[in-house]
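Asks: Based on the hints, put chain B in the right spot on chain A.
Just so you know, the protein sequences line up as chains A and B, in that order.
First residue of the first sequence? That's 51 in the working numbering, and the numbers climb one at a time after it.
First residue of the second sequence? That's 160 in the working numbering, and the numbers climb one at a time after it.
Note that these hints are calculated values from the structure, not bench results.
As the structure is a computational prediction, the values presented were derived from the model and not from experiment.
Each residue gets a CB set at the ideal place from its N, CA and C atoms; glycine is no exception.
There may be inaccurate statements among the hints.
Stated by the list, open to error - To give an idea of the chain A side of the interface with chain B (calculated C-beta under 10 Å), a few residues:
| id | residue |
| --- | --- |
| 1 | V61 |
| 2 | R74 |
| 3 | V76 |
| 4 | G123 |
To be verified - Using C-beta positions, here's what the derived DEER-type ranges look like:
| id | chain 1 | residue 1 | chain 2 | residue 2 | range |
| --- | --- | --- | --- | --- | --- |
| 5 | B | E564 | A | S155 | 47 to 53 Å |
| 6 | A | E149 | B | A310 | 56 to 62 Å |
| 7 | B | E564 | A | E59 | 55 to 61 Å |
| 8 | B | A314 | A | E59 | 37 to 43 Å |
| 9 | B | E292 | A | E59 | 57 to 63 Å |
| 10 | A | S140 | B | T457 | 30 to 36 Å |
| 11 | A | D142 | B | T433 | 41 to 47 Å |
| 12 | A | E139 | B | T457 | 52 to 58 Å |
| 13 | A | E139 | B | T520 | 48 to 54 Å |
| 14 | B | D309 | A | G128 | 58 to 64 Å |
| 15 | B | G417 | A | E139 | 51 to 57 Å |
| 16 | A | G128 | B | T520 | 20 to 26 Å |
Stated by the list, open to error - Selected chain A positions facing chain B (in silico; Cβ < 8 Å):
| id | residue |
| --- | --- |
| 17 | G63 |
| 18 | A78 |
| 19 | T119 |
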Amino acid sequence: MTSPDLARELVPGVSPGEVLATFRAVAAIQRRFGEDACHRYVISFARTADDVMAVLQLADMAAGGIVPTVATGGFVRGQANLDVVPLFESADALESCGEILERCSRIRTTGATWSPAAIARK
Amino acid sequence: MRRGPVPLGTPGDGALGSPATSRRTATPPGPRTRPQSANPSAAVCSRDMPVKSQSPKQPKPRAALNGAATTSAADSEPRSALAGGAGDSLAREVKLLGSLLGQVIAEQGGQQLLELVERSRLRSIAFRESGDEGAHQELASELDSLAIDDAEALANAFSLYFQLVNLCEERDQVRQLKKMPRSRPGRRRLAGRGDRLAARARLVGRSDRRAAAAAAHHAGPDRPSHRSPPAHDADRAAALLPAARAARRSAARGRRRGRDRRKLREEISLLWRTSSVRKTAPTPIDEVRTALAFFDETLFRAVPRIYRAFDRAMDRARLGARGNRGGPAGDLGLSGTRPPRGSAFLRWGSWIGGDRDGNPTVTAELTRQVPRIHADHVLRGYEAVATRLLTTLSVQVSREAIHPEFENRLARDAEDLPETMRDLARRFPDEPYRRRLGAIAERLRRTRWYPHRRGGPVAGHYETTSSWSKSWRAPGLPGRRTAASRRLRRDPGLPLAGRDVRLPSRVAGDPPALRGPRGSLSTPCCTPAA
Numbered sequence: 051m052t053s054p055d056l057a058r059e060l061v062p063g064v065s066p067g068e069v070l071a072t073f074r075a076v077a078a079i080q081r082r083f084g085e086d087a088c089h090r091y092v093i094s095f096a097r098t099a100d101d102v103m104a105v106l107q108l109a110d111m112a113a114g115g116i117v118p119t120v121a122t123g124g125f126v127r128g129q130a131n132l133d134v135v136p137l138f139e140s141a142d143a144l145e146s147c148g149e150i151l152e153r154c155s156r157i158r159t160t161g162a163t164w165s166p167a168a169i170a171r172k
Numbered sequence: 160m161r162r163g164p165v166p167l168g169t170p171g172d173g174a175l176g177s178p179a180t181s182r183r184t185a186t187p188p189g190p191r192t193r194p195q196s197a198n199p200s201a202a203v204c205s206r207d208m209p210v211k212s213q214s215p216k217q218p219k220p221r222a223a224l225n226g227a228a229t230t231s232a233a234d235s236e237p238r239s240a241l242a243g244g245a246g247d248s249l250a251r252e253v254k255l256l257g258s259l260l261g262q263v264i265a266e267q268g269g270q271q272l273l274e275l276v277e278r279s280r281l282r283s284i285a286f287r288e289s290g291d292e293g294a295h296q297e298l299a300s301e302l303d304s305l306a307i308d309d310a311e312a313l314a315n316a317f318s319l320y321f322q323l324v325n326l327c328e329e330r331d332q333v334r335q336l337k338k339m340p341r342s343r344p345g346r347r348r349l350a351g352r353g354d355r356l357a358a359r360a361r362l363v364g365r366s367d368r369r370a371a372a373a374a375a376h377h378a379g380p381d382r383p384s385h386r387s388p389p390a391h392d393a394d395r396a397a398a399l400l401p402a403a404r405a406a407r408r409s410a411a412r413g414r415r416r417g418r419d420r421r422k423l424r425e426e427i428s429l430l431w432r433t434s435s436v437r438k439t440a441p442t443p444i445d446e447v448r449t450a451l452a453f454f455d456e457t458l459f460r461a462v463p464r465i466y467r468a469f470d471r472a473m474d475r476a477r478l479g480a481r482g483n484r485g486g487p488a489g490d491l492g493l494s495g496t497r498p499p500r501g502s503a504f505l506r507w508g509s510w511i512g513g514d515r516d517g518n519p520t521v522t523a524e525l526t527r528q529v530p531r532i533h534a535d536h537v538l539r540g541y542e543a544v545a546t547r548l549l550t551t552l553s554v555q556v557s558r559e560a561i562h563p564e565f566e567n568r569l570a571r572d573a574e575d576l577p578e579t580m581r582d583l584a585r586r587f588p589d590e591p592y593r594r595r596l597g598a599i600a601e602r603l604r605r606t607r608w609y610p611h612r613r614g615g616p617v618a619g620h621y622e623t624t625s626s627w628s629k630s631w632r633a634p635g636l637p638g639r640r641t642a643a644s645r646r647l648r649r650d651p652g653l654p655l656a657g658r659d660v661r662l663p664s665r666v667a668g669d670p671p672a673l674r675g676p677r678g679s680l681s682t683p684c685c686t687p688a689a
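Chain A extracted, bound-state conformation (with noise of 0.2 Å):
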């Protein structure tokens, strides 16, 4: 991976190294006060299954050696533990929900958590 890859704005204001930055913040925030401090990981107008399992690919490159530090703004890899909620906020999302969350729910993880009870509480 290079550089000006994670440099490169998604929209503006955000890069593909300040949302791996939020990451290991999450992470760095978990060393310091305790997972309950901060633990959710909210994806607004969620639209498809693999919003969620984008989320958890990006916890995953977070907490491993593959994103230098210095392209996270000095936060040093981490692992997070989230819970990751898809919040629906359309039409197309809420009547095609049911599926969404049925294919969430055969999402096998192997590195951060996945936590179908997080939907279920939103």
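Replies: Quick look at chain B alone, frame taken from chain A:
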């Protein structure tokens, strides 16, 4: 400011400080108002009701409170609970605050401004109540000719007035809720929650740690976190209303009533002098700090009361008829003499500082800072509790009577905090509780410093949840007060609230953008099942 069929305001008895007003409460227009049919004050000022343009009994003139300009404004202040015939609590409170506001306007903005406000109000009333087109024309004409400063002051006056009226209505809603019988669904929901939790805990034979309620502060321009300072200050004024009401009802009226009303005038003066419009956009850190004020009201004031009520309900569930013959849950005198029966079941959450959706100023660094700010805040609260107990817990205990475990902790304090403990030993040689609480306060101070590694020594700080909990639970510490304070929050290291991070799917849901040219994400952590 709105014109046309919707009035600027409706009559209030003594409202805005003029004695020549009708005896009605106000109907605030604009977004802060509630539907007229839904609140008592609206009923009071329904346009179908006859209007009296002048009170039949004029209060006697009396000395101005703050100079000649406030004379007429002060005249309208109700002197007793039923002054002016205001028969219900809401009307009384609106009348009181309206008259105090009138005094403040006269004092701060001058008699001319007060007269302008009153003129505008009475003309809008005349137009609304009787369709007086002449009054409407005069009102529109005067508003059109106002200088910009006067127009701003006029808008501020009505804005603050309606803010105070809304505040009175909120208090009235609480009063109405309290009057509801327990059988009513709304009341039952409130009152029965503790009992149901207690019953459930009894069923499982222990306090139910899974029973948790969560509240979250959201971030966004329409969210409470963006409440401006004036709104918060209005809450402070609301807190003073019960005192003012109690003073009005008390037998010893004169001095207490004067003191309470002076406090209210101070609050309203502050509101008047506080800008209602921010000239700069609040930063996320500003939002975080603003939200702390709400946590102060809830976490440090309401939550201990909720837990104590829960504790009483647990006593009742456990002891049943033996406790109080099946009557309503009361304080059986057991709380404080034993550990709390329930765990801390309230959880607090916040999106402030973590909600990045549409807000690029929320960064990873900010997200990391917010828990520190929260932790610092709650630790200061605990420190204040420990310090207060230090000053009041003056129990003398002989060395032989000290619990061995408690003595061990004192010895550990002496090791970790030698200078502090030397000083405490000199000040309180026969009061070990004071020494221990002083040590706890110092440890909390150092826990607060610890994340920053500056401000003083950090040795002896609390490192974990258990070290904090054990410190409060140490045998020998009197339970009644420490138990309540311990349950403010279960962990000093934890921030005040749990944090949610929120990103839009178009950002978080785009891992391919992170892949290198050859797809360096070769071993994804998760794969969808086939």
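Asks: Give a verdict on every hint.
Replies: Taking the hints in turn, this is what the structure says about them:
For V61/A, the interface hint holds, the least distance from its beta-carbon to any beta-carbon of chain B being 6 Å, beneath 10 Å. Interface hint at R74/A: satisfied, since its Cβ lies 7 Å from the closest Cβ of chain B, which is below the 10 Å cut-off. Satisfaction of the interface hint for V76/A is found here, the shortest Cβ-Cβ separation to chain B being roughly 6 Å, below the 10 Å cut-off. Below 10 Å, beta-carbon pairs count as interface contacts, and G123/A has one with chain B at about 6 Å; its hint therefore holds.
A C-beta distance of roughly 48 Å is found between E564/B and S155/A, which places it inside the suggested range of 47 to 53 Å. Distance hint for E149/A and A310/B: a CB-CB separation of about 57 Å, consistent with the stated range 56 to 62 Å. A C-beta distance of roughly 58 Å is found between E564/B and E59/A, which places it inside the suggested range of 55 to 61 Å. Taking 37 to 43 Å as the suggested C-beta distance range, the pair A314/B and E59/A conforms, at roughly 41 Å.
For E292/B and E59/A, the hinted distance range of 57 to 63 Å is satisfied, since their beta carbons lie about 59 Å from each other. For the hinted restraint 30 to 36 Å between S140/A and T457/B, the CB-CB distance of approximately 33 Å keeps it satisfied. With their beta carbons about 46 Å apart, D142/A and T433/B fall inside the hinted range of 41 to 47 Å. At about 28 Å, the CB distance of E139/A to T457/B disagrees with the hint of 52 to 58 Å.
The hint said 48 to 54 Å for the Cβ distance between E139/A and T520/B, and at roughly 22 Å that hint is violated. Remark: the range hint 58 to 64 Å for D309/B to G128/A is upheld by a beta-carbon distance near 59 Å. Remark: the range hint 51 to 57 Å for G417/B to E139/A is upheld by a beta-carbon distance near 54 Å. Separation of G128/A from T520/B is about 24 Å and conforms to the stated range, judged on CB atoms against 20 to 26 Å.
For G63/A, the interface hint holds, since its Cβ comes within 8 Å of a Cβ in chain B; the closest pair sits about 2 Å apart. Interface hint status for A78/A: upheld, as the beta-carbon distance to the closest one in chain B is roughly 6 Å, under 8 Å. Interface hint at T119/A: violated, since its Cβ lies 12 Å from the closest Cβ of chain B, which is beyond the 8 Å cut-off.
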